[in-house]
Amino acid sequence: MATHLLRRRVSQILSQAIPCPTSPLSVGRAFSSATAPIRATLFPGDGIGPEIAESVKQVFRGAEVPIEWEEHYVGDQIDPRTQSFLTWESLESVRKNRVGLKGPMATPIGKGHRSLNLTLRKELNLYANVRPCYSLPGYKTRYDDVNLITIRENTEGEYSGLEHQVVRGVVESLKIITRQASLRVAEYAFHYAKTHGRERVSAIHKANIMQKTDGLFLKCCREVAEKYPEITYEEVVIDNCCMMLVKNPALFDVLVMPNLYGDIISDLCAGLIGGLGLTPSCNIGEGGIALAEAVHGSAPDIAGKVNLQIYL
Amino acid sequence: MARRSVPILRQLLTSPSTNLTPTRSVTYMPRPGDGAPRAVTVIPGDGIGPLVTGAVEHVMAAMHAPVYFERYEVHGDMKRIPQEVIDSIKKNKVCLKGGLATPMGGGVSSLNVQMRRELDLYASLVHCFNLPGLHTKHDNVDIVVIRENTEGEYAGLEHEVVPGVVESLKVITKFCSERIAKYAFEYAYLNNRKKVTAVHKANIMKLADGLFLESCREVATKYPGIKYNEIIVDNCCMQLVSKPEQFDVMVTPNLYGNLVANTAAGIAGGTGVMPGGNVGADHAVFEQGASAGNVGNERQLEQKRANPVALLLSSAMMLRHLQFPSFADRLETAVKRVILDGEYRTKDLGGTSTTQEVVDAVIAAID
Numbered sequence: 001m002a003t004h005l006l007r008r009r010v011s012q013i014l015s016q017a018i019p020c021p022t023s024p025l026s027v028g029r030a031f032s033s034a035t036a037p038i039r040a041t042l043f044p045g046d047g048i049g050p051e052i053a054e055s056v057k058q059v060f061r062g063a064e065v066p067i068e069w070e071e072h073y074v075g076d077q078i079d080p081r082t083q084s085f086l087t088w089e090s091l092e093s094v095r096k097n098r099v100g101l102k103g104p105m106a107t108p109i110g111k112g113h114r115s116l117n118l119t120l121r122k123e124l125n126l127y128a129n130v131r132p133c134y135s136l137p138g139y140k141t142r143y144d145d146v147n148l149i150t151i152r153e154n155t156e157g158e159y160s161g162l163e164h165q166v167v168r169g170v171v172e173s174l175k176i177i178t179r180q181a182s183l184r185v186a187e188y189a190f191h192y193a194k195t196h197g198r199e200r201v202s203a204i205h206k207a208n209i210m211q212k213t214d215g216l217f218l219k220c221c222r223e224v225a226e227k228y229p230e231i232t233y234e235e236v237v238i239d240n241c242c243m244m245l246v247k248n249p250a251l252f253d254v255l256v257m258p259n260l261y262g263d264i265i266s267d268l269c270a271g272l273i274g275g276l277g278l279t280p281s282c283n284i285g286e287g288g289i290a291l292a293e294a295v296h297g298s299a300p301d302i303a304g305k306v307n308l309q310i311y312l
Numbered sequence: 313m314a315r316r317s318v319p320i321l322r323q324l325l326t327s328p329s330t331n332l333t334p335t336r337s338v339t340y341m342p343r344p345g346d347g348a349p350r351a352v353t354v355i356p357g358d359g360i361g362p363l364v365t366g367a368v369e370h371v372m373a374a375m376h377a378p379v380y381f382e383r384y385e386v387h388g389d390m391k392r393i394p395q396e397v398i399d400s401i402k403k404n405k406v407c408l409k410g411g412l413a414t415p416m417g418g419g420v421s422s423l424n425v426q427m428r429r430e431l432d433l434y435a436s437l438v439h440c441f442n443l444p445g446l447h448t449k450h451d452n453v454d455i456v457v458i459r460e461n462t463e464g465e466y467a468g469l470e471h472e473v474v475p476g477v478v479e480s481l482k483v484i485t486k487f488c489s490e491r492i493a494k495y496a497f498e499y500a501y502l503n504n505r506k507k508v509t510a511v512h513k514a515n516i517m518k519l520a521d522g523l524f525l526e527s528c529r530e531v532a533t534k535y536p537g538i539k540y541n542e543i544i545v546d547n548c549c550m551q552l553v554s555k556p557e558q559f560d561v562m563v564t565p566n567l568y569g570n571l572v573a574n575t576a577a578g579i580a581g582g583t584g585v586m587p588g589g590n591v592g593a594d595h596a597v598f599e600q601g602a603s604a605g606n607v608g609n610e611r612q613l614e615q616k617r618a619n620p621v622a623l624l625l626s627s628a629m630m631l632r633h634l635q636f637p638s639f640a641d642r643l644e645t646a647v648k649r650v651i652l653d654g655e656y657r658t659k660d661l662g663g664t665s666t667t668q669e670v671v672d673a674v675i676a677a678i679d
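Residue numbers (our numbering), protein chains in the order written: chain S, 1 to 312; chain C, 313 to 679.
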């Protein structure tokens, strides 16, 4: 079962490295021949990260997967070129290899610089977070028929980080939705649905209240939907979606949504199948970069006894 | 008065016996004149609204409850709520409402939101609990979600910066956060609840949700008998679907409250059975707790198969709010008995009855 999941995961990583139709096809593909190994960047991370990374390497070696790992560690000092603990070499390595696997990285609190995950996301322009949620045979939860993918816009929306205090006791936070980012993630969602044989894409929104912002997101999704007539497209209000997910998750196939809703819904779906320890995730960037990651934290308290499922 | 009967009722209903006859010996001593009929504004609304509000009126008449209804027609596609309706609610102080459908992206702001702003109904309360006899995947659910109703992401302040870039403002103020935190703790205190959980996303929205959390923490210090903790909203949703028994009262800003309330309603039996309402300093509007943004589809309407249970339980809450606890208890017991028997259930609960059949069963079950 592990090998089967492993092969599916590897094929997922490889397929997700295929560039979207809109980006230029001048990306050099390293896997034209079946025998030449693919180079992939590996960030073991902190806490339980190194143990998990070691296990992944062992399993891959055992299954004879043609991957050559290039390991990079988070540094101790701030690299002035990237303004964070991640070195320029690490980022360049991901850009060159186009495929990577990232362990949990703990950002030291209160040091006054960007979080490591945020640095990776901004520097590599990782615009879509893809989280497949499958009920795992053999692990019984209350829900047995979960089979859906959540695709979340990763760069803007409510997480733009633009907040300010207007007067004492009044705070404003900006939610930004742009046509460009919405089109990009919608394109990716439909492309993913098509290449993986998925039949339905649902856009999740709250456009009855946030008419202009989510309205723009929906307009972009509709435009892209027209280009894929074989895929059913529907729009679901987020509160209705939450309710339907907990009552009957089999109703959904591919979900595409802006940043905040994506965060909440993808974690909700992870809860349906058994938790963050069992959920794989992949961040897709411009030009076909795919960085698969662990969604859990570095869990320094349990370093030494870990669950490898998510990495496989 | 009202608060004494609630814990006893809860005790009675959690006991596994099928005999739900209340054997309270509590005495409620009314003031002379309390029995005079009270006026309640009724807004049937759109979709299944008229059907379920009609059901409530029917049951109230059968019980000879001391309320009479003043009905006003409001529909979701009106530009704003008519002034006479607002005046009536201000006079009566209590309103019962069906859903108002908001057109999608249509340039008309939601009438539900408008009503809440105008009457300053700053707290929205949804009580999600397992009904005895209604089997769901999760047991032991008894969660009350108290959601800030006036600001946050639903402030409605959006504009297009340049073509293709839209901004929406999320506003959090100390004033509103403080009063919702105070309401949540006061509710917990008056209803003998043990824990209040604040739901937030302050790791990302540090200033906005940080201000909300600060207000909650300040109020928590004034209620040392009630446990207080905080949880990030994505973790909260995950915990709700795996371990909902850890939550008691949850206080949240506007958007997260919407999601959490609908999720909690879904795990506890569906939006067709969860009561709730909106309350402010002067007025209260009772409606179906978590409607998931829809007012029912045409098929439900044609076949008259809408579920009246949510609105019936909300009207029991309304009776308690109006200080008629005995009528409220009788209504609630009757509804719960009908659900427990399982013979008359609408389609969303797995049965085949129509609204009228459920209403008749409830009336028959009232003692």
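Bear in mind the hints are in silico, worked out from the structure with no lab data behind them. Possibly wrong hints are sitting among the right ones.
Heads up, simulated DSS-like pairs for lysine-lysine below, C-alpha to C-alpha not over 30 angstroms straight-line [stated by the list, open to error]:
no.	chain 1	residue 1	chain 2	residue 2
1	S	Lys212	C	Lys507
2	C	Lys659	S	Lys140
3	C	Lys507	C	Lys494
4	S	Lys247	C	Lys486
5	S	Lys212	C	Lys518
6	C	Lys518	C	Lys555
7	C	Lys391	S	Lys247
8	S	Lys122	C	Lys616
9	S	Lys212	C	Lys391
10	S	Lys247	C	Lys616
11	S	Lys247	C	Lys659
12	S	Lys140	C	Lys494
13	C	Lys449	C	Lys616
14	S	Lys247	C	Lys555
15	C	Lys518	C	Lys486
16	C	Lys659	C	Lys555
Practice problem: Of all the hints given earlier, name the ones this structure violates by number, lowest first. | Solution: When the structure is compared with the hints, numbers 1, 4, 7, 8, 12 turn out to be violated.
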